[in-house]
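Following the hints, put chains C and D with the ligands in place on chain Z, whose structure we already have.
Each protein sequence line maps, in turn, to chains Z, C and D. Note that UniProt numbering numbers the first sequence so that position 225 is 225, with each residue one more than the last. Note that UniProt numbering numbers the second sequence so that position 375 is 375, with each residue one more than the last. Note that UniProt numbering numbers the third sequence so that position 471 is 471, with each residue one more than the last.
Watch out, some of these pointers could steer you wrong.
One copy or any two copies: either way a pair holds, since identical chains are not told apart in the list.
Straight-line alpha carbon distances no greater than 25 angstroms define the calculated PhoX-like cross-link-like pairs of lysine-lysine that follow [as the list claims (entries may be wrong)]:
{"no.": "1", "residue 1": "K284", "residue 2": "K514"}
{"no.": "2", "residue 1": "K514", "residue 2": "K286"}
{"no.": "3", "residue 1": "K284", "residue 2": "K610"}
{"no.": "4", "residue 1": "K58", "residue 2": "K174"}
{"no.": "5", "residue 1": "K546", "residue 2": "K399"}
{"no.": "6", "residue 1": "K286", "residue 2": "K546"}
{"no.": "7", "residue 1": "K610", "residue 2": "K514"}
{"no.": "8", "residue 1": "K610", "residue 2": "K546"}
{"no.": "9", "residue 1": "K308", "residue 2": "K610"}
{"no.": "10", "residue 1": "K546", "residue 2": "K514"}
{"no.": "11", "residue 1": "K435", "residue 2": "K308"}
Read the hints as simulated data drawn from the structure, not as lab findings. Being a predicted model, the structure only gives us computed values, none of them experimental.
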Amino acid sequence: MIPELGVCYYPEHWDEAMWAEDAARMVETGITWVRIAEFAWSRLEPVPGHFTFEWLDKAIGILAGHGLKVVMCTPTATPPRWMIDRYPDMLAVDGAGQPRTFGSRRHYCFSHLGYRAESVRIAQALGERYGRDPRIHAWQIDNEYGCHDTVISYSDHAKTAFQGWCAQRYGDIKTLNTAWGNVFWSIEYTDFDQIALPHLTVTQPNPAHELAFRRFSSDQVTAYNRAQAQALRHATDAPLIHNYMGRILEFDHFDVGADLDIASWDSYPIGFLSDRLDASEAHKAKYLQQGDPDMQAFHHDLYRSVGKGRWWVMEQQPGPVNWAPYNPAPLEGMVRLWTWEAIAHGAEVVSYFRWRQAPFAQEQMHAGLLTPQNIPAPGMTEAAQVAREIAQIGAITQKKADAALVFDYASDWSWTTLPQGADFTYFRLVLEAYKAMRRAGLTVDILPVTARSFDGYDVVLAPGLAQIPDSLTQTDSKVVLGPRTGTVTEELRIPTSDTSPLPQFSESLPPDHKRSVQDAGHVVHWQETWDVADSDQTIISDDAGKAVLFESDGQFRLAAWPDETLWDTILGQLIAAKPTGDLRVRTTQDHIFVINYTNEDQSYEGHKIKGCDLAIFKDGSRIL
Amino acid sequence: MIPELGVCYYPEHWDEAMWAEDAARMVETGITWVRIAEFAWSRLEPVPGHFTFEWLDKAIGILAGHGLKVVMCTPTATPPRWMIDRYPDMLAVDGAGQPRTFGSRRHYCFSHLGYRAESVRIAQALGERYGRDPRIHAWQIDNEYGCHDTVISYSDHAKTAFQGWCAQRYGDIKTLNTAWGNVFWSIEYTDFDQIALPHLTVTQPNPAHELAFRRFSSDQVTAYNRAQAQALRHATDAPLIHNYMGRILEFDHFDVGADLDIASWDSYPIGFLSDRLDASEAHKAKYLQQGDPDMQAFHHDLYRSVGKGRWWVMEQQPGPVNWAPYNPAPLEGMVRLWTWEAIAHGAEVVSYFRWRQAPFAQEQMHAGLLTPQNIPAPGMTEAAQVAREIAQIGAITQKKADAALVFDYASDWSWTTLPQGADFTYFRLVLEAYKAMRRAGLTVDILPVTARSFDGYDVVLAPGLAQIPDSLTQTDSKVVLGPRTGTVTEELRIPTSDTSPLPQFSESLPPDHKRSVQDAGHVVHWQETWDVADSDQTIISDDAGKAVLFESDGQFRLAAWPDETLWDTILGQLIAAKPTGDLRVRTTQDHIFVINYTNEDQSYEGHKIKGCDLAIFKDGSRIL
Amino acid sequence: MIPELGVCYYPEHWDEAMWAEDAARMVETGITWVRIAEFAWSRLEPVPGHFTFEWLDKAIGILAGHGLKVVMCTPTATPPRWMIDRYPDMLAVDGAGQPRTFGSRRHYCFSHLGYRAESVRIAQALGERYGRDPRIHAWQIDNEYGCHDTVISYSDHAKTAFQGWCAQRYGDIKTLNTAWGNVFWSIEYTDFDQIALPHLTVTQPNPAHELAFRRFSSDQVTAYNRAQAQALRHATDAPLIHNYMGRILEFDHFDVGADLDIASWDSYPIGFLSDRLDASEAHKAKYLQQGDPDMQAFHHDLYRSVGKGRWWVMEQQPGPVNWAPYNPAPLEGMVRLWTWEAIAHGAEVVSYFRWRQAPFAQEQMHAGLLTPQNIPAPGMTEAAQVAREIAQIGAITQKKADAALVFDYASDWSWTTLPQGADFTYFRLVLEAYKAMRRAGLTVDILPVTARSFDGYDVVLAPGLAQIPDSLTQTDSKVVLGPRTGTVTEELRIPTSDTSPLPQFSESLPPDHKRSVQDAGHVVHWQETWDVADSDQTIISDDAGKAVLFESDGQFRLAAWPDETLWDTILGQLIAAKPTGDLRVRTTQDHIFVINYTNEDQSYEGHKIKGCDLAIFKDGSRIL
Ligand SMILES: [Zn+2]
Ligand SMILES: [Zn+2]
Ligand SMILES: [Zn+2]
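For reference, chain Z alone in the conformation it holds in the complex (with noise of 0.2 angstroms):
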């Protein structure tokens, strides 16, 4: 596959004297896709169900006429001002129960079934006229869902629809009351229409109660998703799309996927450093305008899996961001570097996101490949230059990873509800085991609890796990489970069958309280004590003689959560280790890129890599 480049463009922002050279433009840069339409409702339907597509028709031809394949989106992240009058119940309602009003983006709560119908109606009416244009080459639908914590939403719809899912899952209520052990603090209900949403109380609410509610809350989001899918697979064959929004969590990623075509992502490198990533702030600092070396790729990996194999950037960082705490620039290399290893990891096309810098609204202060004032941004230089060298490198194809990594939002409800650790974070933990991976030279796959098989990997790591798939219990792949693997059931509560290994107990440690393991690193956030049996064989040990890792039936358990020296040894005891120190190394079919995040010269194999610059090995040989 080659890779292509695209980018973002919002026609309706500009005159539409400019849309020629603009499309001209892009050619000449080198992009080859063109995504439109993403929030152009009001232009669309401007008063209810009197639709003017003429400009679109315009856009889509001179776009189109310039050689561009065309993305169609459906608009639904923005219903117009006049859909509020129509349902004026359809927003969200936060934690505190106050609705989330009109005036932004994503006012919609995925429980109400008018808006749903409401966004059914535009896809059809988009499919309708676009469905079969050749000129159309992909759809996205919507825009990253649950961006601004927009899956969890406290209204009556939800209330009523959560109410019908119980009834659907437990049949009826006495079933639902022994699961949740509503006895605890005499919360049985008689009724499921007794059943609240599990916010404003006392204190906590029962952990079942709030697991089942994120359950319900994800599958709402697949249920809305999956309505405009059928829709739009009546009007076209061309696939369907969705881009998601990093590190967002509420919802199953899997679930939706498996209703789409391909997989897209929106990556933000600096951004998601300031906004969403748990590390020192050291480590903020050294990577403050590259972005952390390992969040990208996870990402990558996780919707490569998602989108079984075929997956895209929709949106790739070009320059300063609007929307973090602090945009600094991106390094001079960094927007090259982030598309190279996109593609590295098998992204079929890397879209920038936007053309033009917009002068206006929200993100004005977002760059684009060009400044408001049409003079091009230093991200339009390097998009240049990854189109010259792709032109150079040819093909890429992937294949199957060394090592796998098993990822699950259902884990994350889990703990998000029970951590009993205030720090205690799935994400973190897991990114964690990632980076520990990929800092031992390992190419990775990502992939879900529901995986047909875990065979043929040098290692698969499962930490945080809530349940244990048999599938990975019987695998010929050397398996580590833990911290925490299999500790909870489904309905949130601890195994109590006789064939669940469990700990003896558990402990949560605040940040600074470090636990030493004889010099190979330390125990942070998590422990736990593990009664092992005469059998098994310990293989590490933490200072005062308990066991940090062993392997039991054949399985390795991990009993804590390492630093960063106890992951590296771990890796160590368990796979042939090839540390890349800073650089990350991912290989391919046929080339072996290599990737230096850092702002200094790094050597691989007797090669200078510049810092923010990456190298691709082919059959030995340095080809880039």
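Chains C and D with the ligands alone, transformed into the frame defined by chain Z:
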């Protein structure tokens, strides 16, 4: 008195088939008391008016059949779901005006008279059935009043009741206006029904208004508890108990205690260190897995006073809990140490919470004496050891302490309302005084401001006491007043009568601002400037020459908040201190208890006391 | 002009029997002005329509009888309780949608026309009775507009008024849509009555929407004040004053000031250091008991401008206050120093708040010149000393300053709405520029953006000014624009006309990220990258070679936020600085004032100036 051990048990959480074995194991462990039915309302009255006592009868039969003494509880901390249908307005309302909903516990407003009547009704029903049952040896009313911030409620019921309370207290509205100084910002009322609850105002409401509301809120708890106590008095002669929670200050425990026979409290040393101790990070790290060395003792001494000599630990932490920000395990020996420390301070019973860890609901990560798999947890072994040791040591008799400390709930409310410095915290001030007394080797009585006499002590400390009772100025004990003592009236005004000695002015100091006191420590947080009369004697001055401790008319005035070193200096000046370093010493009629909260060996008069261990001396010999 | 002293007095707080002695002591202290009736509405009109002026007549009689000049206040900051019965919807509404209730002060929404009419009515009633009374020498309207965040209100009254304001400003809804760029996220309106207030949205509302609402909110304050001012104009010829509070930025003081005769402000140096100064902990520790050495001077210069030359300190801190997080006492000499500093900057009157500390209500811990026991507090002595010194020094005449600084409220609203970096704070930026000018020995004028001319200054700084007025580009003064100056339009868009020079891109930087500027300091918080033309002259570059200060078309462009050292470097390049170290120097027609805010001796041209002391020079000789 020979102390005993108990345990908290929830038969309704377990299969009936397990009850007999549980009872047998309790007895085997050396446990003699078992508390039941605390949260079982939904099982005792699943439908309004329809009681199902049969299961409880059976549980009592089994437990008592094994020789255990039963503590019966009224389950009013967990009103069942149907109660909310009956009284939708029974929920408390938070400071933002939001009802605090059903779904956890303590979901009731103390001012709701309908729910109060229901509480009396269930207490009566239980009293009728079990009041004269000789197997029931004591009663617990409700559970942990005030836990989860549940004393203060801004409901309409609270508002109406507060207006009535004001009418009762002040008689006519002009008296209230004058008492509160409402002229200040034209807040004068013309009718009691104009008085709102003091929240959601533009800036601080009148502190007199806020203090009155806090007095009222405390009175509502007392009235609520009294209603249940009166109902049970008719039905039983067994002692009535409430289990107070650590560091709950929003109601006057002495007032509630006056209607009961025994005070008890729930002691969670490691949880409290994490979530409600004011201390440095270094101190918290040192005692992370032991708890603060004075926090428990303080509460023991407090509840001995609240219980007029009779008190229990109703819930004793047996392992890691689930509700603190971080939940590490107790170090080996600590469960035993905590139990012995309570006994040293006069506990009649120490009862572990809970028998077996629940595998479901909110507290599933809270350790019990048994794991959910029914395997003994570490706490079990230590409890059994204490039982054997009690048998060996025999009776322990309390005696009047060397020194006294005055503790007053209304003072806390006064300074919370009028802190003047962002971190001025009455509890912290008093606990630091208590710590200083303990470091000086003193055995301490804690007394309410209403104590008839303060006579017969080497020293009586009264820091931060809002008003000074006559009994405190007319005692033969050495009394230390201050800082801030006697500087406001009951209506939270500065006293203007000539007889109230007052500082010229007072200063609150930011955390890092310390004022040196001539190599004898520092003033922190608070300093007063007094016009020391010629007839007074200045004992300690700061480097700027200001009196920090002086004697006036035979009383000592402490004009500042001392740091640890300065406290030691001050007590060294006033009494013959016997500094105990990191050890804590408590003297009873015949025994000396020496407690080592550190994790290292300590030495006491030539005896080595290991980390997390204690020694008991009798007639000069170590007997444990 | 010979400066005078005043005091704030509340006769209604005290027994009538005390008034005469109070007046006599005021006069004895050297006080000539007394402000009364500020919060007395409940005593002036206890029942709607029923006025009780008799007590006030009597108080005026006694005060004026002792020779004091009276400042009469309208008591509209404290509407009495019956007003709420009349207009339950007059309360302001906070950002969460909660009414801000009765029980403290400032409990009104500026958009409520019913309350506005009531305010006019009480002003008229006072005007009728006292407007021509020769004992009343000035009037104060309301108290501290905007204190306690009271400018912005999300009430329904505000919403309706805002819709009308928008209709007025934009004429038709399409113009508004275009101006705001509402197409961006399909936020286009079809009617003005669809426009909600910009709060509770899912993510950030349109910044143009937010800025419009802030402009509107400021206009409401102006209109409210104007209504009272007009009512009083008919009744009196005495000057009208408002007492602004320090660092209140939510309304345009120049707009309000245009309707008044004298500007005054309430100066609480130690309170402000604690609660509203952006500075390092070390700086705050150094000046803990003195206040920041520039914060007061900045406000003095600002209000001299707002008052078109005539200004007072209406409330001067006399000792510890009650409302800051921590409230230490001023060091000896500071009350005198603050008073003299105000005089140096041109204050006609410095009036202490308050005469006697109230022993009740919210501010009972706020010092007065007398303690509640009627004993002179330390501030009293210093006030008396200033009175004697004024008599000795005689008249002081202001002159045009060396340098000017542009200050613009709408710029603050713009950057608050669109900060781009979490700590980008306009006030801080401007105050740091002011501090740099003062460190360079400059006497400074603060000018509004509407100033007719900026001519005749050595240098004019305009940091963070949202738009650049023509008068600023057409002056004979050296003008420094930036950072961020002129980078947005009045509708908060990026200017796209060719004539607006703009950076290529801008970066916000996290607090610990500093960029070195060749041993001359650092760039912090903000940096712009400009395409410096060949015809421009780069004066200072950072280590990476980026222009930090450059000259273009005769104007200086500052492309970054400088730290203290870099500011000093910059000013050193532009003017002949006379660095004053820790001292501050202000030059008037005939005098030089040298102020020492430190607690240590400093030296000025061979003269020793003690800590917390000042020197006054005239004709080269030290006269104080
Ligand atoms: Zn996006
Ligand atoms: Zn409890
Ligand atoms: Zn004031």
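Q.
At most 25 angstroms between CA atoms: does that hold for K308 and K610 within a copy, between copies, both, or neither?
A. For K308 and K610, neither the intra-copy (34 angstroms) nor the inter-copy (61 angstroms) Cα distance is at most 25 angstroms.
Q) Taking 25 angstroms as the upper bound on the Cα-Cα distance, should K435 and K308 be classified as within, between, both, or neither? A) Within. Shortest intra-copy distance 23 angstroms satisfies the 25 angstroms Cα cut-off; inter-copy 60 angstroms does not.
**Q.** Same-copy or cross-copy closeness of K546 to K399 [CA-CA at most 25 angstroms]
**A.** For K546 and K399, the Cα distance exceeds 25 angstroms both inside one copy (39 angstroms) and across copies (45 angstroms).
Q) How would you label the pair K546, K514 (within, between, both, or neither) given a Cα cut-off of 25 angstroms? A) So K546 and K514 pass the 25 angstroms test inside one copy only (14 angstroms; across, 44 angstroms).
Q.
Within, between, both or neither: how does the pair K58, K174 come out at a Cα-Cα threshold of 25 angstroms?
A. Between copies only: 23 angstroms across, 60 angstroms inside.
Q) Between the shortest in-copy and the shortest cross-copy C-alpha distance, which are at most 25 angstroms for K286 and K546: within, between, both, or neither? A) between (35 angstroms within a copy, 21 angstroms between copies)
Q | Alpha-carbon proximity context of K514 and K286, limit 25 angstroms | A | both (24 angstroms within a copy, 13 angstroms between copies)
Q. Checking K610 and K546: alpha-carbon separation at most 25 angstroms within a copy, between copies, both or neither?
A. Classified as between: cross-chain Cα gap 22 angstroms, same-chain 44 angstroms, threshold 25 angstroms.
Q) At most 25 angstroms between C-alpha atoms: does K610 with K514 qualify within a copy, between copies, both, or neither? A) Classified as between: cross-chain Cα gap 24 angstroms, same-chain 36 angstroms, threshold 25 angstroms.
(Q) Within a copy, between copies, both or neither: which one fits K284 and K610 at a CA-CA cutoff of 25 angstroms? (A) Within one copy, since 20 angstroms is at most 25 angstroms while 44 angstroms is not.
Q) Are the CA atoms of K284 and K514 at most 25 angstroms apart within a copy, between copies, both, or neither? A) both (21 angstroms within a copy, 14 angstroms between copies)
Hint violations for this structure: numbers 5 and 9, all remaining hints satisfied.
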